[in-house]
Structures are given as structure tokens and as C-alpha cells.
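**Student:** Each chain is listed here by its residues.
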Amino acid sequence: TQLLEQSPQFLSIQEGENLTVYCNSSSVFSSLQWYRQEPGEGPVLLVTVVTGGEVKKLKRLTFQFGDARKDSSLHITAAQPGDTGLYLCAGRTGSYQLTFGKGTKLSVIP
Amino acid sequence: GAGVSQSPRYKVAKRGQDVALRCDPISGHVSLFWYQQALGQGPEFLTYFQNEAQLDKSGLPSDRFFAERPEGSVSTLKIQRTQQEDSAVYLCASSLASGPRTNQPQHFGDGTRLSIL
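Just so you know, the protein sequences line up as chains X and D, in that order. Residue 38 in our numbering is what sits at position 38 of the first sequence, and the numbering runs on without skipping anything. Residue 38 in our numbering is what sits at position 38 of the second sequence, and the numbering runs on without skipping anything.
For reference, chain X alone in the conformation it holds in the complex (with noise of 0.2 angstroms):
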């Protein structure tokens, strides 16, 4: 079973701060996916990214694929409360199956 390993587990940061999360594996990806999940409701998909070294930006996020493809990170700048929620990195091993990591719960202070 592959472990993808987020960290930190929890952030509380101020509205306007920078911040980076992570995620790690013994194992390689053929892809990875960020989620984003909001209490009540389902992960909605942020991005995937494929090539390792990949960065992809979202507005105020960066995303970042290990060249190995086993790590990813995700940058917010300038958090704003609507970035709270929890943040789920999935990998995909070349099968249709998603694994999922415990997610790191953001939480943005006005």
C-alpha cells in the first residue's frame, strides 16, 4: 500500500501570510491531484500535475511535483479566509485508483 504523508497536519496562519504544505512518498506517481475539502461537502479538485519538476499556478497557488514524482507541495500567498478548508493530496500509480493522504487542515484568521 503506498502512504502519502501531508504535513503539518493543522496550520492557523494570519490572513495575508505565506504558506507551503507537503507531500511525501516512498513511492512514485504517475500523477498527483490536490484537493480541496470544505466540512459537509466532497474534495473538489485543484490541479493535477504529471511531469516530474512540474509547477502549475492557480491564481494564489503554486503547486509543485517532485522530480522523482514522489513529493508535491502546495504555496498559498497572501492566505484570505476563503482559502480555509483541508487539503488533500492524492497519487495516482498508473491504475485508476486514487490514494489519498490525511490532509493538512487550514485554517485563515481575518
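The reader is advised that the hints may include incorrect statements.
[Claimed, not checked] Simulated crosslink set (DSS-like; lysine-lysine; CA at most 30 angstroms straight-line):
no. : chain 1 : residue 1 : chain 2 : residue 2
1   : D       : Lys11     : X       : Lys102
2   : X       : Lys105    : X       : Lys57
3   : D       : Lys78     : D       : Lys14
4   : X       : Lys56     : X       : Lys70
5   : X       : Lys59     : X       : Lys105
6   : D       : Lys14     : X       : Lys102
7   : X       : Lys102    : D       : Lys78
8   : D       : Lys11     : X       : Lys105
9   : D       : Lys78     : D       : Lys11
10  : X       : Lys70     : X       : Lys57
11  : X       : Lys102    : X       : Lys70
12  : X       : Lys70     : X       : Lys59
13  : D       : Lys57     : X       : Lys70
14  : X       : Lys105    : X       : Lys70
15  : X       : Lys70     : D       : Lys14
16  : D       : Lys57     : D       : Lys11
17  : D       : Lys57     : D       : Lys78
18  : X       : Lys59     : X       : Lys102
[To be verified] Example chain X residues on the side facing chain D (calculated, C-beta under 10 angstroms, incomplete):
no. : residue
19  : Leu19
20  : Tyr22
21  : Ser31
22  : Thr48
23  : Gly85
24  : Leu86
25  : Ala90
26  : Leu98
27  : Gly103
28  : Pro110
Hints were generated in silico from the structure; no laboratory data involved. All C-beta atoms in this analysis are idealised placements derived from N, C-alpha and C, irrespective of residue type, glycine included.
Please build the complex by placing chain D on the supplied structure of chain X, with the hints as guidance.
**Tutor:** Just chain D, lined up with the frame of chain X:
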């Protein structure tokens, strides 16, 4: 509707009762997935359908769990003789993908929160 719909949103059952959870995927989506999400955890894969065929049920925790998708659209996850450890949010997701090795996104429903007393 435009998204994946799950019902009921909340289900409370006594230990030992059977429950049935329903998932209406996005119209035309070939692939359907069930996940279990315990409190404070990420979703864990339960089972996968391609149309009406259940191609992978390796994540089902025990033989008390059963899933079906008889007409390749709506799916039902049934749990027999429920136990307290079955308490979790059960998420359904669908995608256009018709085979492995694709990066088609999975669209999730809002889940059914199951509580076993």
C-alpha cells in the same frame, strides 16, 4: 443535476441494522468510485465500477459491504449488520474515464455521513 448526488446526506442506524447508500453520478460518466472517509482522515478507496461491471472491490473492509451498479448509472453501497467502526462519511465519485492510465478528474459528491449507535 450537474454534479454527483448522494442520498441520504445523514444516516443514523443501530448496530446490527442494514443500511443502503445511494449515488447518482454525473450523466454519461463511465467510472464510479466509492470511498470511506473516517473523521480526521483522507478518503480511502472501497470499490470501482466501469459501467455496470465492478472491476475492483479490493478496498471493501469485509463481506458485510456490498456495492452494485446494475444499469451502469446509479450505484448503491449496502452495509449489512452494521458495526460502530462503520461510522464514517461515504463518498461517491464519478469520472468520464473508461479505463486505467487516464488523468480524468474524479468528481465527488458531498457524501453520506453514517453514524452507528
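**Student:** Assess, step by step, whether the Cα of D/Lys57 is no farther than 30 angstroms from the Cα of X/Lys70, and give holds or violated.
**Tutor:** 26 angstroms, holds
**Student:** Close enough to count: is the Cβ of X/Thr48 nearer than 10 angstroms to one in chain D?
**Tutor:** 5 angstroms, holds
**Student:** Measuring from the C-beta of X/Leu98 to each C-beta in chain D, is the shortest one below 10 angstroms?
**Tutor:** Since the shortest Cβ distance to chain D is 7 angstroms, the answer is holds.
**Student:** Run the distance test for X/Lys105 versus X/Lys57: straight-line Cα separation, threshold 30 angstroms.
**Tutor:** Answer holds: X/Lys105 to X/Lys57 is near 21 angstroms, not above 30 angstroms.
**Student:** If you draw a straight line from the CA of X/Lys59 to the CA of X/Lys105, is it 30 angstroms or shorter?
**Tutor:** Between X/Lys59 and X/Lys105 the Cα gap is close to 20 angstroms, so the pair holds against 30 angstroms.
**Student:** Does X/Lys70 sit within 30 angstroms of X/Lys105, going by the straight-line distance between their CA atoms?
**Tutor:** 22 angstroms, holds
**Student:** Keeping to a limit of 30 angstroms between CA atoms, is the pair of D/Lys11 and X/Lys102 held or broken?
**Tutor:** 24 angstroms, holds
**Student:** Taking only the CA atoms, is the gap from X/Lys70 to D/Lys14 under or equal to 30 angstroms?
**Tutor:** Not OK: X/Lys70 and D/Lys14 at ~42 angstroms, beyond 30 angstroms, violated.
**Student:** Does X/Pro110 pass the interface check with chain D, least Cβ-Cβ distance below 10 angstroms?
**Tutor:** It is violated, given that the least Cβ distance between X/Pro110 and chain D is near 25 angstroms, above 10 angstroms.
**Student:** For the pair supplied as a hint, D/Lys14 and X/Lys102, confirm whether the alpha-carbon distance does not exceed 30 angstroms.
**Tutor:** 28 angstroms, holds
**Student:** Given X/Ala90 as an interface hint, is its Cβ closer than 10 angstroms to any Cβ of chain D?
**Tutor:** 8 angstroms, holds
**Student:** Tell me if the straight-line CA distance from X/Lys56 to X/Lys70 falls inside 30 angstroms.
**Tutor:** OK: X/Lys56 and X/Lys70 at ~16 angstroms, within 30 angstroms.
Hint compliance for this structure: hints 15, 19, 20, 23, 28 are broken, all remaining hints hold.
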